[in-house]
Structure formats: structure tokens, C-alpha cells
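Asks: Let the hints inform the model, and build the full structure from the sequences given.
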Amino acid sequence: MPTASDELIARLRARFPQHILAAHAYRGQPTVTIRREGLLEVATALRDDPATAFDVLMDLCGADYAWFGMSQASAPTLRTPSPLPYFMSPAPSAERWERGVPHDAQHRFEVVYHFYSTAHRRRLRLKVPVSFAEPSVPSLAGLWAAANWYEREVWDMFGVVFEGHPNLKRILMYESFQGHPLRKDYPINKRQPIIGPVN
Amino acid sequence: MSVDAAKLNWMTTRLDAALGWARKFSIFQYPFVTACCGMEYMATATSHYDMDRFGAGFPRFSPRQADVLFVVGTISHKLAPMLRRVYDQMTEPKWVVAFGVCTCTGGFYDNYATVQGIDTVMPVDVYIPGCPPRPENVLDGLIKLQEKIAQGELAR
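Which chain is which? The protein sequence lines are E and V, in order. Take 1 as the starting number for the first sequence in the numbering used here and just add one per residue. Take 1001 as the starting number for the second sequence in the numbering used here and just add one per residue.
Careful, some of the hints might be misleading.
In the DSBU-like style, the derived pairs of lysine-lysine whose C-alpha atoms are separated by at most 30 Å in a straight line are [what the hints assert, rightly or not]:
1. K169(E) to K190(E)
2. K184(E) to K1078(V)
3. K169(E) to K184(E)
4. K169(E) to K127(E)
5. K1148(V) to K169(E)
6. K184(E) to K127(E)
7. K190(E) to K1078(V)
Derived Cβ-Cβ restraints for the label pairs, each shown as a range [said to hold, decoys possible]:
8. Q178(E) to E1092(V): 35 to 41 Å
9. F132(E) to T1091(V): 50 to 56 Å
10. P1081(V) to D185(E): 27 to 33 Å
11. I171(E) to P1081(V): 36 to 42 Å
Far from chain E by the CB rule (all over 12 Å, computed), these chain V residues [as the list claims (entries may be wrong)]:
12. W1021
13. G1038
14. M1042
15. S1047
16. D1052
17. D1067
18. A1080
19. E1092
20. Y1112
21. P1129
Hints were generated in silico from the structure; no laboratory data involved. The C-beta atom is built at its ideal place from N, Cα and C for all residues, glycine as well.
Replies: Right, dumping it as C-alpha cells:
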């Protein structure tokens, strides 16, 4: 029996076959990975199409997959048996992290969008892989005003440029800060105090 | 010949000892509260533990009217210049209390954003570790600060 998530994924696959890289649904939540070039088109359609009507941008965050899966510490798996009984139904058989794209420099970063539709009470996770050489995606600040500060935060932490953003500057770190601290290659011991010694 | 001190109407002391005695019971504190330690600070200040028993019950929210700077909570590198400016605005004599482990050493926030102890930015008189410290710890630190004030010691 196709669930609402499957229907949403099928709808997107039928409408944007050229943009979709991967899609899956897990515990009733669909995740769709799309190409950067199609982001504005897909997002506009998701918001304006009455069949989807994702009117709320709940969250927007970045991720750095630089060394994903290369060590135990950087490969979060959920295979550890839980001491607690599963209360979810159906009980998941195997849980693992899937990206749908290879972990290389072309897909090093990911910008993740979480949408919510108040009309359909449905959520959607949209992922956009971004390359290391040209880390940029189109800004969604013109579609959802909430994207404005989120995109500034992702730029601050990961250095992903949002093209067309009205005011793309640091939001958490100070202006004199060099680099982007949540990138995996930012030195973990690097300190940039404004006053006082470098500790 | 013995003198019954109780019958005397006067006593002798040193001026700095008298000043120290007066100062230690009239602590005007400036609470610089940034994080979760603030809840424990409030619990200590209010009636159950009653910081006012030690003459420290009157927070002044202007650094120019304060004697003791209570730095309560995590200080980030972005915030450190503002904290230093508050400290510089306080008039002499002034004391600084590092409240909670984040202000003492940075605590478990050993990362790009957090100052690893406010003593990298300003002199500190009393450290109260704990995450957060119990009100008993805070009062113990306050009593130690009072001893320090009575002796006329400053951290510089």
C-alpha cells in the first residue's frame, strides 16, 4: 500500500525527473535529494502547488561529509541494539545512513531543508549536495523569509554561499573570524580570540 | 591594672581594617549572567539561601555602581570584549567572581567559540567551580571573597 510519503516522492519524480538524485521514505518521512540547479524550481513548486503546499520552512542546515564513513567516530551507524524495546511500528529491520550520492569532493557538503505543510500536515526533507570547489546554492530567502537567518548561519559555519541572499554575512561568529568552524578540516584546536591570549 | 573593654566607649583599629570590614558586608554585585548558571545564581540570591545574609543582596545593573563582578555562565570569544568593557567601567576597588566551571576554565566547551577561562581576559579573585555550583558552593565562595575583601586584597 503506497503511503503518503511514497505518493509525494512519486509526484516529485514524475514532475522533476531531471533534478532528483535519490529519494527514500523512512518512518513516514520522505527525503528527496536533488541537484543544486533544480533547487529554486523544485522549491517554488513545493510551495505553490496546492497538492504539496509546503508553506513553512522549519529548518535549514548544512552538513560536511568530508570524512564520512572513514572512521568509527565519523560514521554514525544506528546498528547498535537498543536495550529498550521498540515501540515503533513497524519495527525497523535495518537502519543505516544513506546519502544517495557518493562521498567525494563533488558532493562534500549538503544543505538540508525541512518543510512542513500546514494544509496537509506533512513534512519533507530536501537535500542538496554541494561541491567543495564551488560551494553555492541559490538562496530561498525570497520564497521563505525564514531562510534568511538560516542561510547566514550555514554560510557562517560551513562557507556555503547562497546566491541572491539579501544580506549574506556572519550571524554567529564575529566579523574578524577566519574560516568556517564546522567544516571538518577546520583545526579542532584553532582559537581566534578577539582579546586575550590564543588558548 | 586590667581594663574592662566592655566599659569603654571607644575602640582602636586600622583604617584599612575598618574599611575592609565595612566593604565586606556591603557587596554591590553586578551579575553578568549569560547561561544556565544564572538559574543557580538566582536560587542562591533569593530567599531560600538568601545571599542578603552576607550583605550581597542588592545587584546593581550598572557596572559603575558595582563592587563585585559575578561572571555567571559561558563566555564566548565574541562576548569577551563586552565583558572586559564592563570590567573596565567598574570603579576601584573591584573584585571578580568566576561563577561556574565555564568561567573558570571553559568547562567542557573546549571549542572554537568559548573563552577558556575568563582569567585570560581579566583578573579573577574567587573561582566557584561546578556545573552548576550548588548554592552552598556559591555561599562558600562568597565567604571566601568576604575574607579577601576584609584583608584588602585585590587580584591585581
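Asks: When you check the alpha-carbon spacing of K184(E) and K1078(V), does it fall within 30 Å?
Replies: Satisfied, since the Cα-Cα distance of roughly 22 Å is no more than 30 Å.
Asks: Holds or violated: are the alpha carbons of K1148(V) and K169(E) at most 30 Å from each other?
Replies: violated (46 Å)
Asks: With a cut-off of 30 Å on the C-alpha distance, tell me whether K169(E) and K190(E) pass.
Replies: With a Cα-Cα distance of about 21 Å, the restraint between K169(E) and K190(E) holds, given a limit of 30 Å.
Asks: Take the C-beta atom of F132(E) and the C-beta atom of T1091(V), compute their distance, and say whether it sits inside 50 to 56 Å.
Replies: The hint (50 to 56 Å, Cβ to Cβ) holds, given that F132(E) and T1091(V) are roughly 53 Å apart.
Asks: Minimum C-beta separation from Y1112(V) to chain E exceeding 12 Å: can you confirm that?
Replies: violated (4 Å)
Asks: Per the hint of 27 to 33 Å, is the separation of the Cβ atoms of P1081(V) and D185(E) within bounds?
Replies: Given about 28 Å between the Cβ atoms, the range holds.
Asks: Please verify whether K184(E) and K127(E) have alpha carbons no more than 30 Å apart.
Replies: Cα-Cα ~19 Å, so holds.
Asks: Beyond 12 Å from chain E, beta-carbon-wise, is S1047(V)?
Replies: holds (38 Å)
Asks: Please check whether the beta-carbon of E1092(V) is more than 12 Å away from every beta-carbon in chain E.
Replies: holds (21 Å)
Asks: Report holds if the minimum CB distance from D1067(V) to chain E is greater than 12 Å, and violated otherwise.
Replies: Holds, since 23 Å exceeds 12 Å.
Asks: Confirm or reject the statement that M1042(V) sits farther than 12 Å, beta carbon to beta carbon, from all of chain E.
Replies: Given a closest Cβ separation of 27 Å, the condition holds.
Asks: Could you tell me whether the CB distance from I171(E) to P1081(V) stays inside 36 to 42 Å?
Replies: violated (18 Å)
The earlier numbered hints that this structure contradicts are 5, 11, 18, 20.
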